[in-house]
Amino acid sequence: GIQVEQSPPDLILQEGANSTLRCNFSDSVNNLQWFHQNPWGQLINLFYIPSGTKQNGRLSATTVATERYSLLYISSSQTTDSGVYFCAVDPYNTDKLIFGTGTRLQVFP
Amino acid sequence: DTEVTQTPKHLVMGMTNKKSLKCEQHMGHRAMYWYKQKAKKPPELMFVYSYEKLSINESVPSRFSPECPNSSLLNLHLHALQPEDSALYLCASSPEGRAKNIQYFGAGTRLSVL
Numbered sequence: 778g779i780q781v782e783q784s785p786p787d788l789i790l791q792e793g794a795n796s797t798l799r800c801n802f803s804d805s806v807n808n809l810q811w812f813h814q815n816p817w818g819q820l821i822n823l824f825y826i827p828s829g830t831k832q833n834g835r836l837s838a839t840t841v842a843t844e845r846y847s848l849l850y851i852s853s854s855q856t857t858d859s860g861v862y863f864c865a866v867d868p869y870n871t872d873k874l875i876f877g878t879g880t881r882l883q884v885f886p
Numbered sequence: 003d004t005e006v007t008q009t010p011k012h013l014v015m016g017m018t019n020k021k022s023l024k025c026e027q028h029m030g031h032r033a034m035y036w037y038k039q040k041a042k043k044p045p046e047l048m049f050v051y052s053y054e055k056l057s058i059n060e061s062v063p064s065r066f067s068p069e070c071p072n073s074s075l076l077n078l079h080l081h082a083l084q085p086e087d088s089a090l091y092l093c094a095s096s097p098e099g100r101a102k103n104i105q106y107f108g109a110g111t112r113l114s115v116l
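Chains as they are written, first to last, in my numbering: chain H, 778 to 886; chain W, 3 to 116.
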């Protein structure tokens, strides 16, 4: 089956720093979503981005489907950005969303 | 409104108990999902309901029994669980029965099996 790997696995930042999270996938996909899971377990949709670039405030994402990767940029990080970031893909010929391995982000004041 | 509501938020049960998890959405979505998430791991798909019919069962043990009474409601009935079933159980919904639609998640039920 498809493999979805995220890097880095852990990231520690001071408030105000910028970061880039990466999602690599091993096969072609219909779509890709980025989620933020807060410390209480809630999964929050960040982006639905099968290809191209999108921006939402301090966050932006880029997916290069032909090269099978996606990037999530966080600028001017805040303590509320802490949590785990997952990418999730929908491989062709399935109805499933396959989650990546996750990046655990901790932002300190 | 993109809200998926799960109850209860926390549940502790013994191995001989029967309990149910509930998930509700009022967005008119026609697909609903159950995921299981162990600590420090990504969510794993358990079941998919599309137009109130079970479309995917990821070889989940029969001690987990899903039910979709109507298009807004999804239940997960639990019976004779094992301690290793302790996890966060997440419900999600999407507009149609294809994963290419955006999935919206509830806050989850933290289950502890003693």
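Keep in mind that the hints were calculated from the coordinates and are not lab data. Please note that the accuracy of each hint is not assured.
Simulated pairs of lysine-lysine, BS3-like, Cα-Cα distance not exceeding 27 Å [stated by the list, open to error]: (1) W/55 to H/873; (2) W/42 to H/873; (3) W/43 to H/873; (4) W/42 to W/21; (5) W/11 to W/43; (6) H/873 to W/11; (7) W/42 to W/11.
Just a few of them, taken from the derived set where beta-carbon distance is under 7 Å, the chain W residues facing chain H [stated by the list, open to error]: (8) 41; (9) 45; (10) 48; (11) 88.
Partial pick of chain W residues on the chain H-facing surface, computed with a CB cut under 7 Å [what the hints assert, rightly or not]: (12) 9; (13) 13; (14) 14; (15) 44; (16) 53; (17) 89; (18) 110; (19) 116.
Glycine included, every Cβ here is placed at the ideal spot set by N, Cα and C.
* Under the criterion of a CB-CB separation shorter than 7 Å, is residue 9 of chain W in contact with chain H as hinted? -> violated (14 Å)
Is the interface hint for residue 116 of chain W satisfied, with its Cβ closer than 7 Å to some Cβ of chain H?
-> violated (20 Å)
Agreement of residue 55 of chain W and residue 873 of chain H with the hint, judged by alpha carbon distance not exceeding 27 Å: Satisfied, since the Cα-Cα distance of roughly 16 Å is no more than 27 Å.
Task: Restraint check, 7 Å cut-off on beta carbons, for residue 14 of chain W near chain H - done: violated (16 Å)
- Interface restraint verdict for residue 45 of chain W against chain H (beta-carbon cut-off 7 Å): Constraint on residue 45 of chain W satisfied, holds at 5 Å.
Given the hint that residue 42 of chain W pairs with residue 873 of chain H, does the C-alpha gap stay at or below 27 Å?
It holds: about 21 Å lies between the C-alpha atoms, which stays within 27 Å.
Practice task
Compare the distance between the alpha carbons of residue 42 of chain W and residue 11 of chain W with 27 Å, and conclude whether the hinted pair is satisfied.
Solution key: Judged against 27 Å, a Cα distance of about 19 Å means the pair holds.
Next on the checklist: residue 88 of chain W was flagged as interface toward chain H. Is the shortest Cβ-Cβ separation under 7 Å?
Outcome noted: It is violated, given that the least Cβ distance between residue 88 of chain W and chain H is near 14 Å, above 7 Å.
Practice prompt. Please verify that hint: residue 13 of chain W, Cβ, nearest Cβ of chain H, below 7 Å or not.
Written response: violated (13 Å)
Check your understanding: Would the stated hint for residue 89 of chain W survive a check requiring a Cβ distance to chain H of less than 7 Å?
Key -> violated (11 Å)
Chain H contact restraint on residue 48 of chain W - CB to CB distance below 7 Å:
Violated - the Cβ of residue 48 of chain W stays beyond 7 Å from chain H, reaching only about 11 Å at its closest.
Is the Cα-Cα distance between residue 43 of chain W and residue 873 of chain H 27 Å or less?
holds (17 Å)
When held up to the earlier numbered hints, the structure conflicts with 8, 10, 11, 12, 13, 14, 16, 17, 19 and fits the remainder.
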